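One-letter residues, chain by chain:
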Amino acid sequence: MTAILKEDTMRIELDRPRCEGHGLCEEAAPDLMHLDDEGELVIDVSEVDGADVARAQAAVRVCPVAALRLLAADAADAEAAAE
Amino acid sequence: MTVRALERIVVVGGGIAGLTACDTLRERGFDGELIVVGSEPHAAYSRPALSKALLKLDGDLAAHELAPATHGAREIRGASAVGLDVERRTISLEDGDELAYDGLIIASGSRAKRLSDHPGELTLRGLDDAHALRNRLADRPDVVVLGGGVLGMEIASGAVAAGCRVTLIATSEPMSRQLGAHVSGILTRSARERGVRIVVTASASVDADGERPVVRTSDGSTYGSDVLVSAVGDVPNTEWLRVSGLLTGGRLLADGHGRVAPGVVAAGDVTGWGPGGVRTPLWTSAIEQAKAAASALLDPEARALRFQNYFWTEQFGHSVKAVGPLPVHGSPEVLVGGGDAAPALLRWQGADGIRSVISIDHRIPIPRLRRLTDAASD
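Note that the protein sequences, when read in sequence, are chains A and B. For the first sequence, the numbering used here begins at 1 and goes up steadily by one. For the second sequence, the numbering used here begins at 1 and goes up steadily by one.
In short, the hints are calculated from the structure, not lab data. It cannot be assumed that every hint is accurate.
[Said to hold, decoys possible] In the SDA-like style, the derived pairs of lysine to any residue whose C-alpha atoms are separated by at most 25 Å in a straight line are:
#	chain 1	residue 1	chain 2	residue 2
1	B	LYS113	B	SER176
2	B	LYS56	A	VAL53
3	B	LYS56	B	PRO141
4	B	LYS113	B	GLU40
5	B	LYS56	A	ARG16
6	B	LYS56	A	PRO17
7	B	LYS113	B	ARG134
8	B	LYS113	B	LEU298
9	B	LYS56	B	ARG192
10	B	LYS56	A	GLY21
11	B	LYS56	A	CYS19
12	B	LYS56	A	ALA54
13	B	LYS56	B	ASP361
14	B	LYS56	B	ALA208
15	B	LYS56	B	ALA43
16	B	LYS56	A	ALA66
17	B	LYS56	A	ALA67
18	B	LYS113	B	GLU193
19	B	LYS113	B	LEU6
20	B	LYS56	A	ASP15
21	B	LYS56	B	HIS42
22	B	LYS56	B	LYS113
23	B	LYS56	A	ARG18
24	B	LYS113	B	ARG177
25	B	LYS56	B	ASP102
26	B	LYS113	B	SER244
27	B	LYS113	B	ASP234
28	B	LYS56	B	GLY233
29	B	LYS113	B	PRO68
30	B	LYS56	B	GLY276
31	B	LYS56	B	ARG8
32	B	LYS56	A	ARG55
33	B	LYS56	B	ASP128
In this text the structure is predicted, and so the values were computed from the model without any measurement.
Using the sequences and the accompanying hints, generate a full structural model.
Written out as structure tokens, the structure is:
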């Protein structure tokens, strides 16, 4: 899986119980995520690289409840495997 | 004038504005030396969480923690800047050290306003304040909250939820200066239903002569308590700039890009911003100003900030989100709900044609809330 990804690929991780649906992340990165009609956050593009990394970072940073994280894709895989 | 190459940028302020400025500098390709000076010993955290989740005795103790910084700056924590020399491009720290810079970002924030020097007059501004208040609430003391704004009401909400007997003293109907009479009515009704005694007075002061501080209102009444928390506003941390020549009538003012002087920009709670020079000490404005200011420091062609305030509050079981100019006046247009009770989505037509929208317990993403302020949304 990681082999086909570029080295600088990052993955956006959502801690759903923390999300309060402010939607500031959608404002920062509308191409990567949006809130659906119920106000639940949907990550449309979870693996990002290039210029999208900065956009994802901006979305992570603006979240006032720190519900989003940006991890190196292989680290996210390792974390998922450990759970 | 030659443009000085930026090899070292110093950021004064370790809060969300300083953090966002550092992130923005790196995103925009600044790969030079970056130094952050922060007066608190903590990494940047979410201040809005302090008076919300962090005050709940059964709440998430990590609710304020942000994703770790990735900007690779050298962080000097627990150190305050005490002076700035814009000619020599150096700041001085309280331990006597000096730091030279090519570019400076002023994000030194603000502190809680106090009405006395009595140590028993608590305030809630920093993380340590929140922990201290939370610990006090666990003993279910009688609490007096002074201030009927967002912070005062959130503290009263947390205290009454913790089982405390709470009196809130305000100089106008709580939340009316922020959200207008209509929403104030909904929130204060819920506060009273939960047992908060609300006292509206022309003015109030803190009598600090006794063992415990006592609030005295303009009609001569006094209000004692086990715990007094003042939530009466904030004071920008500008003392270290006093002889810098950058203050105008004691205030720090940045233009619509965040620029203060050559090589110096400012963002966040410390600074007035734009043509009106108004300070907007809110989470989202600190972030947006920091992005704009950091961009302007690197790029003279950077665009000015165009931004509409957003703020939210959680109190007495209600979740309120607001965009557009505040306070609102008069009766709202009811978009969702019954109007006088929650949940509701309410819209006001501002005098200058700019509309404000407030949602109460109606879950709606901010981008959609903003679109409702557009005339095109009809």
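Violations among the numbered hints
2, 8, 12, 14, 18, 19, 25, 29, 30, 31, 32
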